[in-house]
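One letter stands for each residue in the lines below.
2 protein chains.
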Amino acid sequence: MDLASNLANAPLPADFIEGARTLFGARLHLGEAVREAHGRSEAHFATLLPDAVVFAHSTEEVAALVKLCQRSGVPVVAFGAGTSIEGNTTPVRGGVSLDLSEMTAILEVNAEDFDCTVQAGVRREQLNEHLRDRGLFFPIDPGANATLGGMSATRASGTNAVRYGTMREAVLSLRVVTADGRDIRTARRARKSAAGYDLTRMFVGSEGTLGIITEITLRLHPIPETISAAVCGFETLAGAVDTVVQATQLGVPLARVEILDDAQIRAVNRYSNLSYPELTTLFFEFHGTERYVAEQVETVSELAAANGGGDFQWATRPEDRSKLWKARHEAYYAALQLRPGCVGWPTDVCVPMSRLAQCIGETKQDLLDAGIVAPILGHVGDGNFHVIFVIDPNSPEEQAQAEQLNRRLVKRALSMDGTCTGEHGIGIGKQDWLVEELGEAVELMRTLKRAFDPNDILNPGKIFSRG
Amino acid sequence: MDLASNLANAPLPADFIEGARTLFGARLHLGEAVREAHGRSEAHFATLLPDAVVFAHSTEEVAALVKLCQRSGVPVVAFGAGTSIEGNTTPVRGGVSLDLSEMTAILEVNAEDFDCTVQAGVRREQLNEHLRDRGLFFPIDPGANATLGGMSATRASGTNAVRYGTMREAVLSLRVVTADGRDIRTARRARKSAAGYDLTRMFVGSEGTLGIITEITLRLHPIPETISAAVCGFETLAGAVDTVVQATQLGVPLARVEILDDAQIRAVNRYSNLSYPELTTLFFEFHGTERYVAEQVETVSELAAANGGGDFQWATRPEDRSKLWKARHEAYYAALQLRPGCVGWPTDVCVPMSRLAQCIGETKQDLLDAGIVAPILGHVGDGNFHVIFVIDPNSPEEQAQAEQLNRRLVKRALSMDGTCTGEHGIGIGKQDWLVEELGEAVELMRTLKRAFDPNDILNPGKIFSRG
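Protein chains in written order, with the numbering used here: chain X, 2 to 468; chain E, 2 to 468.
Please keep in mind that the hints were generated in silico from the structure rather than gathered at the bench. Heads up, some of the hints might be wrong.
Heads up, simulated DMTMM-like pairs for lysine to aspartate or glutamate below, C-alpha to C-alpha not over 20 angstroms straight-line [unchecked claim]: (1) X:K324 with X:E130; (2) E:K68 with X:E441; (3) E:K68 with E:E19; (4) E:K68 with X:E444.
Not close to chain X: a few residues of chain E, all C-beta gaps over 10 angstroms, as computed [as the list claims (entries may be wrong)]: (5) L13; (6) I18; (7) E19; (8) A38; (9) E126; (10) Q127; (11) G144; (12) A307; (13) R318; (14) V374; (15) E404; (16) L415.
Just so it is clear, CB atoms sit at the ideal spot from N, CA and C, and this is done for glycine as well.
Let the hints inform the model, and build the full structure from the sequences given.
Next comes the structure, spelled out in structure tokens:
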């Protein structure tokens, strides 16, 4: 898409600025530093500055701002932790970046109901610290310490999704401000409902284009009695994937199962001062009672051995588990350190399990043939994996090469009845692929967008290419 | 709502009938017997005849019919097994009942991916018979042998939802014919995706008002190594509910846990020739490996004993389990047999678990005070329960009494932050309650309906009151 059109934004109308200043006072920012921080992307996208930034503290403030934007035709882009990676919060048509990161109240925890309600700016680590003493946890873990508003808006998932689902399953209800400034709640707090259209799921994954999520009611889970984690290297990629498929067939409820290729292991070893064998490797986590975890481990160890896996390196003590998962979570930064000064272009696809080994295998060969630095890692139990292209931001050739490899990767996933993104979203990076993936169905999405945001003020230019 | 307006339907235009005959030949029915079978409800709603019935055999035929209906402004109501119970398929504005029950092809089963694709008319029992030899099963079980199209359209759930989720979680992708006759697919076959709006969930639970579901891709599960079921009576309602809450807190993955009150047990004993003690009773099912099921059983037995539960009556052999669940599934017919010649008015609500004992307790007292025959049963692990009013169809007094009791039940559930229907849907029976439950959010649903079906031909008059 043509991002240069951003340069042609009309400046904000004076009465809009006056109205925003009345509402937000010193929480309205027009200076370049704050705007720059809201125009940057974690990934390779160009920085594009919003015309203004406001920090909201309540749903009422959000509604008032959206009404103001609606009156003046000013775009409004909801912003949380800024950790999305398909340019999802880049203000491609300028306007206001609406920062919700100071809405950090945990409004209620209903332990007996296994749910809680939080403001959109609460981050997942804050929530889990708050829950720990109640014996509960919130499982969705995309790696980054994202806000729960952002995670809802992008339908985030991550390492625990194989057992606990994604934000699609985790969100019970949302409080949302609509494009005309109405303040609605999508559902009650019951665990299930057949009452009308599923507005909750309509807003989850809509990337701020249909409404602004201000409060989220989430499903929680009891902290398991026993948690055990292990790392195991495999002779072949197929051996690693087959181990996971067979474990699933046997009903083993793997809580986490992550795949890292040899390049990613090399990066992790160097970055986190570890010494895993440089092989295709699985990181496992098992949850349950002590006896049941022992049984799961026994089953999976036997399967791994039969599929060319090496010894399991165990991490049962909390501090060892933390170290293991910290290494996994820092995989992105570890990859970037393979070429200091370079930037990351992380992409992801998701395919049916039966095609995963082939999809990763062909992708790996393509990357090797290209001679590019691009580790692979993924959530193997879901058929979802990432490639992190590590490229020189000043080299148009490397950009073009990554783009070509990404194109072939997505085409490969689609040819296997997979999706162009398992968890990153469409943002500005995958708009053409969405059409390739779903065809005519994208027209229904446009119909929905026009109905809910007729003046196109909510995060315009995202998910769909313009025009 | 005013059902009498049905009488004022315009007759079908001659060119419409001619077009439908060209498309469907002998599968177009205008005779009263077939129309009557498509205007009847399983529950207490008045029978209202469609003007015609067609039996479709392909998505292409469905699309052609919808285009024809669109041209002539003829309502079209998708029809499966006719087992819904809020009047969801009653053709309140006449038109065509589009029967999909002959679309019974199981199009593919991908065992390694734990998914399958079926036509809308496949019934859940047919699917499970087909899957058995592959070691797989489809868990959603609303009791009735419903079609998978109907189950998707009403967001059905049932006894296994506590462990395996509802149709919301079970559907991976849909093939849908839109109001203008387009044939779209909502998603690829990947287990998760962040590619644009969640059209799949938008159609699941939309009761045929946004599009006609013709094919469904479903998530499957491996058949557990060990399945064990048991029945246990409790001294008190609170003791039964506390047992379930505590088991959940301990992480026991109950596969099924059903509650039946003493009135329902009495009905079941009489209908199925059983002799359970006439107490508030839980029906359990445990899934897992042999050792893990034994551990779950040990934990739950201890909890039950501590909460005033009696001995567990076990059913471990398949034939004993079948007998137990057959008795549970026939609870509705058993209830009707308490008063031969009467009809059932089944209603359902769903509340947060912490309020369930109070909600059932107050409801039971209300029913006792009224002196009405109305057994209670429910999916206690989800906070979802049913009341079956058994009433004389010729007594306006009994109808009015059931209506009042239902009104108080739903108000009670809403006051506890619950929903007016956990799994039956809105249909024509709960339209006022939907507004009471979600307020302004219902306006968003209307916006969605207008955008997707501007001429209101798809199952008009459902979910929303008219006007």
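Evaluation of the provided hints:
no. : hint               : result
1   : X:K324 with X:E130 : 18 angstroms, holds
2   : E:K68 with X:E441  : 17 angstroms, holds
3   : E:K68 with E:E19   : 14 angstroms, holds
4   : E:K68 with X:E444  : 18 angstroms, holds
5   : L13                : 29 angstroms, holds
6   : I18                : 30 angstroms, holds
7   : E19                : 29 angstroms, holds
8   : A38                : 25 angstroms, holds
9   : E126               : 22 angstroms, holds
10  : Q127               : 23 angstroms, holds
11  : G144               : 14 angstroms, holds
12  : A307               : 17 angstroms, holds
13  : R318               : 20 angstroms, holds
14  : V374               : 25 angstroms, holds
15  : E404               : 19 angstroms, holds
16  : L415               : 7 angstroms, violated
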